[in-house]
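Chains as they are written, first to last, in the working numbering: chain D, 440 to 737; chain Y, 58 to 294.
Think of the hints as simulated: they come from the structure by calculation, not from any bench. Each residue gets a CB set at the ideal place from its N, CA and C atoms; glycine is no exception. Treat each hint with caution, since some may be false.
[Said to hold, decoys possible] The following label-pair restraints were derived from C-beta to C-beta distances:
1) Y:ARG190 / D:ALA443: 35 to 43 angstroms
2) Y:THR279 / D:THR684: 53 to 61 angstroms
3) Y:ARG190 / D:ASN498: 42 to 50 angstroms
4) D:PHE714 / Y:LYS271: 58 to 66 angstroms
5) D:ILE553 / Y:LYS271: 52 to 60 angstroms
6) D:ILE444 / Y:SER188: 34 to 42 angstroms
7) Y:GLN231 / D:SER666: 53 to 61 angstroms
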Amino acid sequence: MQQAINALLIGISNGFIYSLMALALVLVWRSTRVINFAQAGQAILSTYIAYEIVTRTDNFILAFIGGVIAGALVGAVVEILLMRTLFKHVSDGPVAALAPVIASLGLLGLIRSIIGMVWGNDQKPFFPPVSTNGFTFGSTTIPFSRMNLLIVLGAATVMIIFTLIFQKSNLGLALRAAAFQPEIARLAGVRVGAIRTIGWVFAGTAGAVAGILISPNDAITPYSLDSLLIFGFVAAVIGGLESLTGAVVGGLTLGIGLSFILTYIGTSLIFPATFVVLALVLLIRPQGLFGSKAARNA
Amino acid sequence: MSGLTVKDLVVDHGAITALNGISFTVEPGQLAAVIGSNGAGKTTLLRTLSGLKQASGGSAQWIGENILGKKPENLVRHGISHVSEGKSVIPELTVAENLALGGIWRKDKKDVAAVTKEVLELFPRLGERLSQRADTLSGGERQMLAVGRALISRPKLILLDEPSLGLAPLVIEQIFHTIDQLRHKLGLTIVLVEQNAMSALRIADIGIIINLGKIVATGTATELINNPALHAAYLGY
Ligand SMILES: Nc1ncnc2c1ncn2[C@@H]1O[C@H](COP(=O)(O)OP(=O)(O)OP(=O)(O)O)[C@@H](O)[C@H]1O
Ligand SMILES: [Mg+2]
Chain D
440 MQQAINALLI
450 GISNGFIYSL
460 MALALVLVWR
470 STRVINFAQA
480 GQAILSTYIA
490 YEIVTRTDNF
500 ILAFIGGVIA
510 GALVGAVVEI
520 LLMRTLFKHV
530 SDGPVAALAP
540 VIASLGLLGL
550 IRSIIGMVWG
560 NDQKPFFPPV
570 STNGFTFGST
580 TIPFSRMNLL
590 IVLGAATVMI
600 IFTLIFQKSN
610 LGLALRAAAF
620 QPEIARLAGV
630 RVGAIRTIGW
640 VFAGTAGAVA
650 GILISPNDAI
660 TPYSLDSLLI
670 FGFVAAVIGG
680 LESLTGAVVG
690 GLTLGIGLSF
700 ILTYIGTSLI
710 FPATFVVLAL
720 VLLIRPQGLF
730 GSKAARNA
Chain Y
58 MSGLTVKDLV
68 VDHGAITALN
78 GISFTVEPGQ
88 LAAVIGSNGA
98 GKTTLLRTLS
108 GLKQASGGSA
118 QWIGENILGK
128 KPENLVRHGI
138 SHVSEGKSVI
148 PELTVAENLA
158 LGGIWRKDKK
168 DVAAVTKEVL
178 ELFPRLGERL
188 SQRADTLSGG
198 ERQMLAVGRA
208 LISRPKLILL
218 DEPSLGLAPL
228 VIEQIFHTID
238 QLRHKLGLTI
248 VLVEQNAMSA
258 LRIADIGIII
268 NLGKIVATGT
278 ATELINNPAL
288 HAAYLGY
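Next up, chain D with everything else stripped away, as it sits in the complex (with noise of 0.2 angstroms):
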């Protein structure tokens, strides 16, 4: 019972990281029909920047503000200078749909090694703000530490935070206009270009608080997201890609579902059992938890 427990919170801590992965790259999805791997070196750069600013102030929180702005400025300067201009030179055919693809593959190389030019590519330990002991309840110790609590109650309040924007505001309106219907939303006075960079500032935001929140338990090297990246991508897949909610809970299915699969089998199988969780779902469901069968095709 004590073990299912510990699965339970360790599942929920991780699925949350994986949830705020899996949002980054619905977010850009929806907005510009790009599947983003550069989104793991987005994240990466922005959590070296918290990095830099905790080993200079040794101060979590202003660390995390500047890593959360720096990914939101970069996702901005991705999608301005990189994608509009892919856009532009090839609007149609098979190449527009592969051109942004290539382009985040080559784009996260180039983040890699930059940030091995200024930081090189050796470990670098990011100390966490809290204990990343587990808490002890009498003569018990649990897994789940103060620095698994920061993950939940920070990845939950940025949750809450995009929830209130796309349900509550007109922001997030033009937002959700503008990605299922852009020439309706352009035709109703949305900007739909500015509301484009304002879906990858969102992503980009998305993808460091991730990569802020999950490396302290860990050192980091400008490779040390790559792994999140597949599980956001599992993650947004199984939620059904198009949708916010289904990111969040493909997340939490993710990490719950690996963590206890980690607890009772083992933990040489962290991969195989991601893709058998993947493919249990959409063997189920095609389309994904959240995802319509119609915005599949479209």
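Place chain Y with the ligands on chain D using the hints.
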């Protein structure tokens, strides 16, 4: 000052010339019916006037200002609203959100609220379905929603692309009646694209008949209705 003035308009879709030198004028407050068979170029005309499509030649002005090459999101701020072909609503959003979208760019939120109220009085069925997703509406209700959304931007010129498409005859009569009412009440200038030629001409001031990208006849609606030569070829009976 004249309303909508289109001169020698040429629009291509790649190698296909959809509009090949179109000229006409619609005075402020007039309703112009644009009629023509499938592929005549009607939708292309409206898409060009609302900024969705680039023209290759000619000019188009709305109250003295050039509108070609402008973006739709800017033209709507200058009073041009386009209700595009095939139920111009966002299916994934609720009725209320679709309506709110129409006023999203406007600063005068008080007036947005006022005009939304007017729209709901005009189409009470929308008011009963505010929290329903637009894809759960019937075809007629969707068309009402599309027109309602356009009205919330307080347009001066409305471009309507086949509002009767796929609707039952009774609903079509209602929609045409509403369009007629609206323009008198709000002093709108309307370009109405229709295949339902007679219904459209009955509420129109002028008619423009296009075929294969060229104007084959223009005149007052009465003239066109009473021209027997046009009936068999373009007006459908
Ligand atoms: N995106 C496009 N790409 C290529 N050709 C197009 C495109 N849109 C329209 N056309 C062509 O331009 C011509 C005019 O099309 P348009 O849609 O303007 O006709 P329409 O009068 O609105 O017809 P309908 O009554 O069927 O809606 C047609 O020959 C059509 O095939
Ligand atoms: Mg048409």
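Quick rundown of the hints versus the structure:
ARG190 of chain Y and ALA443 of chain D have their C-beta atoms about 39 angstroms apart, which keeps the hinted 35 to 43 angstroms range intact. For the pair THR279 of chain Y and THR684 of chain D, the beta carbons lie near 56 angstroms from each other, so the given range of 53 to 61 angstroms is met. Look at ARG190 of chain Y against ASN498 of chain D: about 46 angstroms separates their beta carbons, and that is inside 42 to 50 angstroms. A hinted range of 58 to 66 angstroms for the beta carbons of PHE714 of chain D and LYS271 of chain Y is consistent with their spacing of about 59 angstroms.
In this structure the hint that ILE553 of chain D and LYS271 of chain Y lie 52 to 60 angstroms apart at CB holds, the actual value being about 58 angstroms. Distance hint check for ILE444 of chain D and SER188 of chain Y: the Cβ-Cβ separation is about 39 angstroms, which falls inside the suggested range of 34 to 42 angstroms. Under the hint 53 to 61 angstroms, the C-beta atoms of GLN231 of chain Y and SER666 of chain D, about 59 angstroms apart, fit the expected range.
When the structure is compared with the earlier hints, no violation turns up for any of them.
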